[in-house]
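Student: Position in the sequence shown counted from 1, then plus 91, gives you my numbering.
Hints are computed from structural coordinates only; laboratory data are not their basis.
Quantities reported herein were computed from a predicted structural model and do not represent experimental measurements.
Please note that the accuracy of each hint is not assured.
Cut-off 20 Å, straight-line C-alpha distance, at most; resulting in silico cross-link-like pairs (EDC-like, lysine to aspartate or glutamate) [as the list claims (entries may be wrong)]:
#	residue 1	residue 2
1	K233	E191
2	K233	D175
3	K190	D150
4	K156	D206
5	K162	E199
6	K233	E199
7	K172	D216
8	K172	D206
9	K156	D216
10	K233	D206
11	K162	D216
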Amino acid sequence: MTGLIRLRTRRGRWGTSVGALSAAAVLALGATACGEDTSPDDVRDAVSSVESALDRAGDEFNDFKNGVDAKNQVQVGQTAKDPDGRVSTPVTVTNTGDKEADFLIQIEFRDTSGDLVDTIVMNIDNVAPGQQGDGTARSNLKPSEDVTAQVARALRH
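All chains should be modelled from the sequences, with the hints used to inform the complete structure.
Tutor: This is how it looks when you write it as structure tokens:
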């Protein structure tokens, strides 16, 4: 349900993506599936994996001591389903600083009810001052319904 994958941005830079299903979504899936083939232990393991992935995402942000809040410098586009069922969205950052910068960005994918269904952490690197950098956020999961993307947090460093 979770995974750490390498993500290549459109600019050719590599970033890290951490995906996770929210605990509430896992519990909802587990409650629905428990009568079938999913055991309570499987649900408990899934929730534990989700919490671990979310902790790793938090750790990535905590590692930066001199990062500047850049959430307002990040724009996400419309989401689209890829042929494999995953969701992707274009991400554009604008470097409002006075020197070249890298961006660490957490993107959340939410369903129509506003519930978190997936989250990724990505990098867009080497953005010149006053310029924009582009990347693509791609979910690790294959949501069964429409989702939107939003910036959870971002750092310029």
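Student: Take the hints in turn and mark each one as holding or not.
Tutor: These are the hints, each one checked on the structure:
1. K233 - E191: Distance ~35 Å between K233 and E191 Cα, so the pair is violated.
2. K233 - D175: holds, 8 Å
3. K190 - D150: violated, 25 Å
4. K156 - D206: The given pair, whose Cα atoms are some 30 Å apart, is violated under the 20 Å limit.
5. K162 - E199: Holds: K162 and E199 sit about 13 Å apart, inside 20 Å.
6. K233 - E199: holds, 14 Å
7. K172 - D216: violated, 25 Å
8. K172 - D206: holds, 18 Å
9. K156 - D216: holds, 17 Å
10. K233 - D206: Holds, at roughly 15 Å.
11. K162 - D216: holds, 15 Å
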